[in-house]
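Student: What follows is the residue order along each chain.
2 protein chains.
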Amino acid sequence: MDIVTPFQFSLVYNAFSFTFATMAAATAFFWLSRSQVAPAYRTALTISGLVTGIAAYHYFRIFESWNAAYTFKDGIVSATGFAFNDAYRYVDWLLTVPLLLVELILVMRLSRAETSSKTIRLGSAAALMIVLGYPGEIAGDIPTRALWGTLSAIPFVYIVWELFRGLGESINQQPANVQNLVRKARLLTFASWGFYPIVYMVPYAGLTGGTVTTTIQIGYTIADIVAKAGLGILIFLISVRKSEAEAGIDGFKVHAA
Amino acid sequence: MDIVTPFQFSLVYNAFSFTFATMAAATAFFWLSRSQVAPAYRTALTISGLVTGIAAYHYFRIFESWNAAYTFKDGIVSATGFAFNDAYRYVDWLLTVPLLLVELILVMRLSRAETSSKTIRLGSAAALMIVLGYPGEIAGDIPTRALWGTLSAIPFVYIVWELFRGLGESINQQPANVQNLVRKARLLTFASWGFYPIVYMVPYAGLTGGTVTTTIQIGYTIADIVAKAGLGILIFLISVRKSEAEAGIDGFKVHAA
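Protein chains in written order, with UniProt numbering: chain A, 1 to 257; chain B, 1 to 257.
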């Protein structure tokens, strides 16, 4: 286990704790807000909360694993010999990344056939992207990391293409007052997801030891907050506006639970 | 306790954690979705969530037991001497397998008499199947394992026969738009349940030590995810479609909980 400085140890420690609190709070918010949107958008909010809830669980575990890997006593950080289990991130992404795409698809309220075909295609590509990235993440050398990273980029490019081409057409059919928000949600997905490969490539820059460990952990943590809690907030806003816009047509009235 | 390699230890460790997160997330999803289906289908979703909730509890316990059986320190895995409690799986199945059959029966909305007679017959056969399988699972020798495995197969064959003959007639009376989904749910039940005996027979192949332990744990874990969370998602989809189809007839309007 790479030795980290007391500052690096505390930074990562507090970032994990912060993210657990953020994800758990986001979960409560999304689930409590379900009754304030039309029934058609409730599954999107349910799934937004699942994503942050699953992430909260994994940040709790990763925090515990970080604490087990080091002791910070008398001002000195030392490695305990227990491995820091980085795999929690990949296990988390395997579950949450396909779900993030599902919430984006659901909030658009496409036809049943479109919803199911897009869910299967984008969900499978997302799972493949995560699975291909993992062997590189745990590899000790840069060439192996670069090989798997590049393979993982192929489904990523496909997802981006689908988001901008396939969903692009559907966005034009959304109500005028939400088109802009849906575009923002898509852009947030693209930008935050694009941040992960940058973090993944940090070791290429020749950084080593505690600095690379800290940079990777903080980088992935920021990306997770934006991609999960941030996207969920946009999904909530889109759901509220679409519910209001459709109220006149469907006779739906937003009401308290 | 069989010695496992660091790779095998981490694979099983992460698979148990992944499955806990999946089952807990599935439970939240099924219970939150109750308000989106007609009252007649809410019990099916309640029970789908019970099955995954019970499984989440057992995967939490089995994860703890795996961690207690081994230490992974300084890159070396060693057995602590504490037994890995495999019985959690059988305890889980004794509760969840009859409930899985109940959710399948409930979502079909048969007559009260049919529902109760099928529940009793299929539920008892499922419990018998689990009870007969356990003595073989803990047996040290192959002949004993094969004997109990074969006895356990008798109620299994009866369940399959009931699913395809008895439920077959009822499926033809389902609304046209869900017949296909109900057939898929039955096929998923059959295929995922058929996977358990294959895993059970892994020791027959002459595998030993850490490899057989890892193969059995990963095999049962995959089967559990498909049979419990996977079936639950199909039950949810069937419930939503049947609720929509009956909305015109029963005057049911999807409304907030």
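Bear in mind the hints are in silico, worked out from the structure with no lab data behind them. Quick caveat: nothing in here was measured; it's all calculated off a predicted structure. Mixed in with the good hints, there may be bad ones.
Which copy is meant is left open, so a pair is good if it fits within one copy or across any two.
Here are the computed lysine to any residue pairs in the SDA-like style, where the Cα-Cα straight-line distance is at most 25 angstroms [what the hints assert, rightly or not]: (1) K184 <-> A245; (2) K184 <-> V226; (3) K73 <-> G140; (4) K184 <-> T208; (5) K184 <-> I120; (6) K73 <-> L99; (7) K184 <-> L95; (8) K73 <-> P135; (9) K73 <-> T208; (10) K184 <-> L207; (11) K184 <-> A153.
Student: Hints first: check each against the structure and report whether it holds.
Tutor: Comparing the hints with the structure gives:
1. When the C-alpha separation of K184 and A245 is checked against a cutoff of 25 angstroms, the pair qualifies only within one copy, where the shortest distance is 19 angstroms, while the shortest distance between copies is 35 angstroms.
2. Within a single copy, K184 and V226 get their C-alpha atoms as close as 13 angstroms, which meets the 25 angstroms cut-off; across copies the closest is 35 angstroms, which misses it.
3. For a Cα distance limit of 25 angstroms, the shortest separation of K73 from G140 across copies, 18 angstroms, qualifies, whereas the shortest one inside one copy, 29 angstroms, does not.
4. In this assembly of identical chains, K184 and T208 lie within 25 angstroms of each other by CA distance neither inside one copy nor across copies; the values are 36 angstroms within and 51 angstroms between.
5. Proximity of K184 to I120 under the C-alpha cut-off of 25 angstroms is found in both arrangements, the shortest distances being 23 angstroms within a copy and 16 angstroms between copies.
6. In this homomeric assembly, K73 and L99 never come within 25 angstroms of each other (Cα to Cα): the closest approach is 41 angstroms inside a single copy and 34 angstroms across copies.
7. Proximity of K184 and L95 under a CA criterion of 25 angstroms is satisfied in both settings, with 23 angstroms inside one chain copy and 23 angstroms between copies.
8. Within a single copy, K73 and P135 get their C-alpha atoms only as close as 34 angstroms, which misses the 25 angstroms cut-off; across copies the closest is 21 angstroms, which meets it.
9. Taking the shortest alpha-carbon separations for K73 and T208, both the intra-copy value of 24 angstroms and the inter-copy value of 22 angstroms come in at or below 25 angstroms.
10. Taking the shortest alpha-carbon separations for K184 and L207, neither the intra-copy value of 34 angstroms nor the inter-copy value of 51 angstroms comes in at or below 25 angstroms.
11. Taking CA atoms no more than 25 angstroms apart as the test, K184 paired with A153 passes inside one copy only; the shortest distance there is 23 angstroms, against 34 angstroms between copies.
Violated hints for the displayed structure, listed by number in ascending order: 4, 6, 10.
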